[in-house]
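As you go down the protein sequences, you meet chains A and B in turn.
Going by our numbering, the first residue of the first sequence is number 439, and it counts up by one from there.
Going by our numbering, the first residue of the second sequence is number 439, and it counts up by one from there.
Note that these hints are calculated values from the structure, not bench results.
Check before you lean on any hint, since a few could be wrong.
The list makes no distinction among identical chains, and a pair is therefore deemed to hold if it is satisfied within one copy or across any two copies.
Stated by the list, open to error - Below, computed lysine-lysine pairings styled on DSS-like, alpha-carbon distance capped at 27 Å:
no., residue 1, residue 2
1, Lys501, Lys582
2, Lys485, Lys779
3, Lys734, Lys541
4, Lys485, Lys548
5, Lys480, Lys577
6, Lys485, Lys582
7, Lys577, Lys453
8, Lys546, Lys480
9, Lys548, Lys478
10, Lys680, Lys485
11, Lys480, Lys582
12, Lys619, Lys453
13, Lys582, Lys546
14, Lys546, Lys501
15, Lys582, Lys453
16, Lys577, Lys478
17, Lys501, Lys644
18, Lys779, Lys734
19, Lys548, Lys501
20, Lys619, Lys644
21, Lys453, Lys649
22, Lys779, Lys619
There are 2 protein chains.
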Amino acid sequence: MEEKTSVTIHDIARKLRVSASTVSRALNDNPRISKATKEKIKALALKLGYQPNTIASNLRTQKTHTIGIVVPLINRHFFSTFISGVEDVAFEAGYNVIISQSKDLLLKEKQIVNSMFSNRVDGLITSLSMQTNDFDHFKMFTNKNIPLIFFDRIAPQLEANKIIVDDFACGYSATQHLIDKGYQRIAHLAGPTVLNTYHDRMEGYKSALKKNHLPAEDDLIICNRLTRMDGQEAIKQLLALKNPPDAVFCGNDTSALSMIVYLKSQGIRIPEDFGIVGFSNEPFSEVVTPSISTLKQPAQEMGRKAAELIINEIENKALPRTYQTITMPTELIIRESSSRKKA
Amino acid sequence: MEEKTSVTIHDIARKLRVSASTVSRALNDNPRISKATKEKIKALALKLGYQPNTIASNLRTQKTHTIGIVVPLINRHFFSTFISGVEDVAFEAGYNVIISQSKDLLLKEKQIVNSMFSNRVDGLITSLSMQTNDFDHFKMFTNKNIPLIFFDRIAPQLEANKIIVDDFACGYSATQHLIDKGYQRIAHLAGPTVLNTYHDRMEGYKSALKKNHLPAEDDLIICNRLTRMDGQEAIKQLLALKNPPDAVFCGNDTSALSMIVYLKSQGIRIPEDFGIVGFSNEPFSEVVTPSISTLKQPAQEMGRKAAELIINEIENKALPRTYQTITMPTELIIRESSSRKKA
DNA sequence: AAATTTCGTGCAATCGATTGCATCTGTGCT
DNA sequence: AGCACAGATGCAATCGATTGCACGAAATTT
């Protein structure tokens with residue numbers, strides 16, 4: 439049997455016949471402790487395998503050095519890459535990261551946000567679930583002045599820092615690109631438009647059509663949850679129109695891919711007969727045939743930025759707050775799925 | 439200005455002229471408190487927006503309801519899906535999950551494991567970095583009898599629960615499959631064979647060759663880190679042999695894909711001229727052309743299993759330990775990259 | 001030599017919730 | 001009436017680290 443209980447500063451204090459305060463100060467390199475004492479204490483701490491009890495420290499200092507992240511799904515490439523970016527910066531700065539997934543359920547999101555609060559995270563970074571339509575659960579953070587950052591799917595009405603991409607511009611440029619390639623009737627598959635992201639992309643899409651004097655027909659716009667199934671449903675529905683489209687701008691790459699698969703199975707050639715642009719630049723988009731034109735969000739960079747911002751807020755809590763909305767650059771990646779020679 | 443400081447059980451106690459112990463017991467539904475008092479207390483707690491301070495509770499109860507996860511990279515599909523599985527089960531059971539990535543660096547892994555310990559996680563689930571060759575940093579967990587589970591990349595010599603797939607069988611069946619398809623000279627691209635996973639896959643590969651009376655030539659085995667670049671390097675090297683292979687079993691799908699890209703660029707037809715089998719069933723593997731034959735690990739299930747196991751250990755700490763190694767089933771998914779008609 | 005700093009350390013309270021052990025008030029039983 | 005006992009609540013210690021304040025000794029200033 440090994441030591442049943444952990445080594446505490448009191449154990450060290452007792453053995454060295456000093457007080458616990460001295461040990462605490464020595465380990466924290468407090469200048470008030472003499473060099474000799476510090477060395478003695480640190481040596482013994484090492485020898486005994488002392489590991490500070492972060493919990494006790496957290497309780498006393500009212501700081502956990504922990505950043506909470508709530509995302510819809512951990513294993514979606516955009517989110518996991520974002521998280522990776524946060525984690526990188528956080529780790530460097532001595533912060534831990536705790537993560538939960540809402541599974542796109544409002545109820546779970548509420549539970550998680552509560553739990554993050556009870557765990558006294560120093561700050562919270564979050565992207566809303568598809569169902570989120572009230573924001574009361576974030577009030578405890580804003581009330582207590584705990585840094586809160588929204589990214590991607592944000593709550594426009596809440597005072598907080600926000601990190602987004604210009605979804606309107608994305609929608610616009612994707613659509614314009616299709617128009618430039620000579621596609622005539624361009625449809626759009628959107629996600630739930632309660633979310634700013636999908637809403638803005640759609641507006642960008644509409645705006646591009648308008649600018650080019652193309653009609654924005656309701657039939658050509660479908661909203662769903664953008665799963666693979668949804669993509670297939672949508673393309674079937676679109677092809678069944680009396681006047682079907684010859685291109686689609688999809689709200690994500692997953693649905694774009696499932697459309698491609700279906701179109702191929704129907705002998706419809708891409709990009710010759712039909713153009714597709716997706717969104718997100720999933721890893722597969724580059725390597726499928728045809729490769730998928732898409733919009734790339736700088737996920738890792740967004741994560742890094744979010745972490746920098748929130749750590750800065752945490753460590754300068756005294757300062758008066760100014761909330762910014764940071765718009766990160768996106769890139770339209772043109773690949774095969776939309777690269778027909780102009781008709 | 440809102441309340442500057444949070445509501446504690448003492449605030450509730452004072453207002454209701456009861457003691458803090460009573461409040462604590464009431465909120466925890468302790469049967470010793472009368473129904474009437476409980477209701478009064480709970481009502482006021484709700485009204486004041488009381489949120490328990492988990493930190494204080496954690497300190498007192500010596501339990502954090504937190505599970506630590508350390509993986510090489512968060513944004514690799516296998517790992518993020520595994521994490522998602524853990525998180526699902528953990529959440530259901532009232533546990534939080536804290537996650538860090540080692541970036542495949544031993545040094546970072548050590549720091550993280552230390553930090554997880556200092557944060558007093560109730561249990562740790564981990565998959566080793568590519569560099570990990572000593573295991574001292576896990577001793578503090580085993581010494582203090584804190585549940586520890588390894589998955590995928592494990593430390594064979596440590597006493598702990600382990601969750602793996604049968605990598606030997608995987609290597610064997612992948613190779614046998616290529617042989618069955620009539621490929622004659624089968625190469626293998628492996629990861630660092632200090633890791634059990636890569637080592638076992640290679641042994642399985644060798645064993646299949648042997649069983650089929652095919653020579654296992656050193657030239658045909660390459661070890662690297664299996665990145666995209668590595669895959670390309672490897673295939674170039676293999677094709678440059680005086681007697682090049684006509685098939686490769688790759689240690690992951692990423693390198694398999696980069697081989698495919700290179701082979702296509704050289705006009706080598708897959709699967710007619712060359713067969714490829716990968717590993718992991720990345721999302722892209724199904725949708726690239728040709729689609730990649732691969733081995734599917736049940737990532738989500740492995741995560742769920744790991745969580746169940748560790749929570750069980752945590753909650754039955756008194757019981758004598760028996761360490762098990764759980765081997766999860768894999769599936770050889772046969773797709774185009776290896777499906778030639780037998781020569 | 002007296003007065004004032006400086007230095008190194010200890011005391012004790014604190015963070016917020018939990019819990020073993022009293023304590024007190026009724027109720028039931030003989 | 002007397003006693004046991006159950007029910008409801010409070011007291012105070014505890015978890016481990018931190019920190020404002022105090023104190024004694026040594027060093028410096030006047």
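* Could you tell me which of the numbered hints above are not met by this structure, giving the numbers in increasing order? => 2, 10, 12, 17, 21
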